[in-house]
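These protein sequence lines map, in sequence, to chains F and P. Just so it is clear: in the first sequence, position 418 is 418 by my numbering, and no numbers are missing. Just so it is clear: in the second sequence, position 155 is 155 by my numbering, and no numbers are missing.
Where hints are given, some of them may not hold.
[Unchecked claim] Each pair of labels, with its calculated beta carbon distance range:
1) P:Q280 to F:F388: 25 to 33 Å
2) P:L15 to F:T407: 29 to 37 Å
3) P:S221 to F:G88: 32 to 40 Å
4) F:F99 to P:S5: 54 to 62 Å
5) P:L15 to F:H356: 54 to 62 Å
6) F:P7 to P:L15: 19 to 27 Å
7) F:A442 to P:S5: 50 to 58 Å
8) F:T173 to P:L15: 32 to 40 Å
Derived by calculation from the structure, the hints in this document are not laboratory data. Computed from a predicted structure; not experimentally measured. The beta carbon of each residue, even a glycine, is placed where N, CA and C say it ideally should be.
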Amino acid sequence: MVFSSLPFLFGFMPLYFAAYYLMPEKYRNAVLLAGSLIFYAIGTKDQPLYFFGLLLSMVVNILLAQKIQADRERRKLWLTAGILYDFGLLFLFKYLGFFCRTLELLLPVQLPDIRLALPPGISFFTFQVVSYLADVYRGADYDTKAVGRVATYMSMFPQIISGPITTYDQLETSLKKRAHIPRIFDSGLREFCIGLGMKVILANQIGRLWSDVTAIGYESISTPLAWMGIAAFSLQLYLDFYSYSLMARGLGLMMGLQLPQNFHYPYMSLSMTDFWRRWHMSLGQWFRDYIYIPLGGSRQGKLRTYRNMLIVWLFTGLWHGASWNFVLWGLLLFLILSIERLGLKKILEKIPFLGHLYMLLVIPLTWLVFAISDLSRIGVYLERLFPFLAGEGQYVYAQDYIKYGQTYGILLIVCLLFCTPLPRKLYQKYGRSLPATLALTAVFWLSVWLLHQGLNDPFMYFRF
Amino acid sequence: MKRHSDILFSILIVLSVLVLMPFVLRNDLFGAKEADSGDLPPIVQSDEAAGTEEAGSFPDESASLTESVPAGESSAANDSSETEGSLTEAEAETENTAEAPSLEEFFSDALFIGDSRTVGLMEYAGLDTADFFATSGMSTFQVLTEEVSVPNVGKMTLTTLFEQKSYGKIFLMLGINELGYNFSSVVSQYGKVVDFVRQMQPQATLYVCANLHLTSSRSDSDDIYNNENINRLNAEIAAMADNENIFYLDVNPLFDDENGALNAQYSADDTHPYGKYYAQWGQWIYDTCVQSKPAQ
Chain F
1 MVFSSLPFLF GFMPLYFAAY YLMPEKYRNA VLLAGSLIFY AIGTKDQPLY FFGLLLSMVV
61 NILLAQKIQA DRERRKLWLT AGILYDFGLL FLFKYLGFFC RTLELLLPVQ LPDIRLALPP
121 GISFFTFQVV SYLADVYRGA DYDTKAVGRV ATYMSMFPQI ISGPITTYDQ LETSLKKRAH
181 IPRIFDSGLR EFCIGLGMKV ILANQIGRLW SDVTAIGYES ISTPLAWMGI AAFSLQLYLD
241 FYSYSLMARG LGLMMGLQLP QNFHYPYMSL SMTDFWRRWH MSLGQWFRDY IYIPLGGSRQ
301 GKLRTYRNML IVWLFTGLWH GASWNFVLWG LLLFLILSIE RLGLKKILEK IPFLGHLYML
361 LVIPLTWLVF AISDLSRIGV YLERLFPFLA GEGQYVYAQD YIKYGQTYGI LLIVCLLFCT
421 PLPRKLYQKY GRSLPATLAL TAVFWLSVWL LHQGLNDPFM YFRF
Chain P
1 MKRHSDILFS ILIVLSVLVL MPFVLRNDLF GAKEADSGDL PPIVQSDEAA GTEEAGSFPD
61 ESASLTESVP AGESSAANDS SETEGSLTEA EAETENTAEA PSLEEFFSDA LFIGDSRTVG
121 LMEYAGLDTA DFFATSGMST FQVLTEEVSV PNVGKMTLTT LFEQKSYGKI FLMLGINELG
181 YNFSSVVSQY GKVVDFVRQM QPQATLYVCA NLHLTSSRSD SDDIYNNENI NRLNAEIAAM
241 ADNENIFYLD VNPLFDDENG ALNAQYSADD THPYGKYYAQ WGQWIYDTCV QSKPAQ
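Make a model of the complete structure from these sequences and hints.
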């Protein structure tokens, strides 16, 4: 059940918050835990085993953390067991199929074609619980016996499906005791509605341009449309994920919980290095704290630093998806970040114009490798982006960019605007004024209307 | 007062949710499926049965104009081999040894009327000499009244276009957008469009075209837009052909997989072929028409 859906907005959310605020304060964590489990159970109603899988994983990790804390001599063993269990499950569900296909390429073997549906949120859940185990292993003074609190941290519905990935210390204090202030609740609801609007009004709509480009086939798009298409994909990816993080943060605030910021205007960065400090920040921090620094970070010589970066970016690639294009994407990022580290970054930061120009090229091109899972199709798309590589396409409708420009041009500009800090600045200044409050209410109505249209009017989204 | 302004937004949203709730509950969360299926025609298991059943109830006025096709023939008409057979008969009748026109010549007096699939032909098939009265989402219910931008001609209704220009061949491919409506009213409306075209452009050969199939994955997961319903409608369209002035064209065999669905390799959205396949489609129309019914 995604946040931007009518069942969530008109079913789960009002019922949940009514229950939450009708309960006395000391039972509210219990409501949060129960609500989160119900939320996950609804999301996995077609695969009920996954719900019990989540319960099992929570129990296993809670017990292992207690062991790590109590049995200091063998804590390494318990941590290893936990990591093997958590990553083993992730491997089983997410990577086994990819692994088998790769093995078949390398060895003359025939392996069964295993395709398991991915349990919702497993990539986020795994990273979150591993951070918990690792923190306890490192001696964090978490109260691992507070089972209810830890279980709530592991399964909290605002973040279990798509993050942000939080460490236990970010939430422990507010899980113990938090204030419920009407104004904060209101701010949370506002964040939620801003996220909802960004997802339904902007991200979903601009995403259709990329779908259109895919439907035409990359061979048959003009060069301007190829650029519009990859721009649309880049904007959709950002606005979609950013809006989700905003909704998660908003839901947290509505309960007095502070979830971390996950994005900080990444498209305004001057370098890729900077970009990855502003994009999906909670993931970057996880890789930094639990992979890069334990490997030695940048303190053990240049060679080791690059080795560590390579490992981090290969894993970052694979975390995003189990296919070769994600490996290639990770390698590409490693390459770009290495070049920046060797000196390019300094130049880009000194001349901001150059930095923005560089990012204007690098962002869509790296997302291209992310977007297209078939490597040969990436080549076809590149030929359309840079026609001097291959000449004119075969069946190109030369005016296509005018047609799609008329449909999506304004939306593209609005989406670009939402990549800048301007809307947020305006909101901070005028957000609580009456007109802005009414406008945000209108955003809610428009979002609901669009969601309703998408459900009931197939012509809206599927016109032949 | 200040306290109220702190939570004004929350109050507005709670009120909004309360106001919208009955509507959403009725239309989206609980009532949606039943309401939709109430409008849906009963899905008939076999296309043949559907064809026979509906052929009898076909409106008289249209039937007379299309020279009425026996029900038995209509029932088999959505089978492509039968259709090609009927076109070959036409060829035999009007056998003509004159040299076949080039593709450009052939389409120079042609008009295509249709929905997004026809827009695809317009943009990607390279049929530059033809005219196109097509827009995404077009249906038989709109086509007689809506203004459409016809490249190189201008924005106008079909009536105005027919008053301005005279065509030798008209290709009509509509029907999929109205699959959700009452079936007999869709068939009757299709007949009205056919009548209209025949009245306005009696000199033109009218090709009524089968709606393109969807891929299996779309077809299997959609209660309305599925190949069963498309075949059922196509059979009715085929029945309108008289093989004298009105011919039925079914391109589906060109793009179908072994299950009679649009081959998934040809489409990314399960609905439209990739741009590059429209040229094959255009060539197929040319080949089929020229072989079976030489230039008029």
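Hint by hint, here is what the structure shows:
no.	hint	verdict
1	P:Q280 to F:F388: 25 to 33 Å	28 Å, holds
2	P:L15 to F:T407: 29 to 37 Å	35 Å, holds
3	P:S221 to F:G88: 32 to 40 Å	33 Å, holds
4	F:F99 to P:S5: 54 to 62 Å	57 Å, holds
5	P:L15 to F:H356: 54 to 62 Å	44 Å, violated
6	F:P7 to P:L15: 19 to 27 Å	20 Å, holds
7	F:A442 to P:S5: 50 to 58 Å	18 Å, violated
8	F:T173 to P:L15: 32 to 40 Å	34 Å, holds
Hint compliance for this structure: hints 5 and 7 are not met, and every other hint is.
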